[in-house]
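Peer 1: These are the residues of each chain, in order.
There are 2 protein chains.
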Amino acid sequence: MPDCLFCKIVRKEIPAEIVFEDDGVIVFIDIKPVNHGHLLVVPKEHSDDFSSASDEAVQAVALTARHMGKALMEALGAPAFNLGVNNGRAAGQLVDHLHLHVIPRFEGDGHAHWHGTPYAEGEMAEVAQKLRLVLG
Amino acid sequence: MPDCLFCKIVRKEIPAEIVFEDDGVIVFIDIKPVNHGHLLVVPKEHSDDFSSASDEAVQAVALTARHMGKALMEALGAPAFNLGVNNGRAAGQLVDHLHLHVIPRFEGDGHAHWHGTPYAEGEMAEVAQKLRLVLG
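Just so you know, the sequences run in chain order L and H. Quick note: the first sequence uses this note's numbering, first residue 1, plus one each step. Quick note: the second sequence uses this note's numbering, first residue 1, plus one each step.
To be clear, the hints were calculated from the coordinates, so they are not data collected in a lab. Because the structure is a prediction, the values reported are computed rather than measured. A few of these clues could be false.
Unchecked claim - Quick partial rundown of chain H residues pointing at chain L, CB under 7 Å, derived from the structure:
no. : residue
1   : Ile-9
2   : Lys-12
3   : Ile-14
4   : Pro-33
5   : Ser-54
6   : Glu-56
7   : Val-58
8   : Gln-59
9   : Gly-88
10  : Leu-94
11  : Gly-110
12  : Ala-120
13  : Gly-136
Unchecked claim - Cross-link-like lysine to any residue pairs, in silico, SDA-like; alpha carbons within 20 Å at most:
no. : chain 1 : residue 1 : chain 2 : residue 2
14  : L       : Lys-44    : H       : Leu-63
15  : H       : Lys-12    : L       : Lys-44
16  : L       : Lys-130   : H       : Pro-79
17  : L       : Lys-32    : H       : Pro-79
18  : H       : Lys-70    : H       : Thr-117
19  : H       : Lys-32    : L       : Glu-123
20  : H       : Lys-130   : L       : Gly-116
All C-beta atoms, glycine included, are put in the ideal place defined by N, C-alpha and C.
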């Protein structure tokens, strides 16, 4: 995709702090990190988002994310990490090329998770039934 | 693992609203959802976390997450979804059996992403260098 920001990084037309690269993926530092070391794992093959990506891209991104998470723990002494994918604008996706966030985490770094709320009586079974109908 | 909560769900020893199952994974409704329809994708094979999971488990969980994200969009009319993995206590992991969150998202549902802050001069290159040393 000629005008895609991440395709341009893949083609080395614009600079990025690349830390890993193989045939399928490229990994570089997010320029606006949640914590220092926050990485983006990007398949070289363009897809707009995770839901439209090929099996190969999905598998490569996931295996690379595991590799990068372990590297962040070793290189930065992070005891933990988060993986995240935002699929679509309403989920916070800003660049339309699949990317997976790998964020090193530290005790007391202050990043709180979204609050979960238990279902009211009957609601959970109703949602599950809607999903089962679609999933066959 | 006899005492693992999610292994017990895999073995059907404790109830869950299961919406999908195949040879490698089971998917059920999170009982404390961020949004209704929030799912957990769990490999049947036990691993404590994402970083210690097998290639097969990592790949199966990622492909199933794509399948579930699309199902949430179709079944619930969600325009978007987030995927998330918490690897380790400091990243918010509460159950020590690998699980991937798939969260349907809706315009204006109010779940804000963690704030990113640009690096100061020289800091990004320094972090990248530490990672490259570990990654070879």
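Peer 1: Could you work out which of the previously given hints the structure breaks and list their numbers from low to high?
Peer 2: 1, 2, 3, 5, 6, 10, 11, 12, 13, 15, 17, 18 and 20
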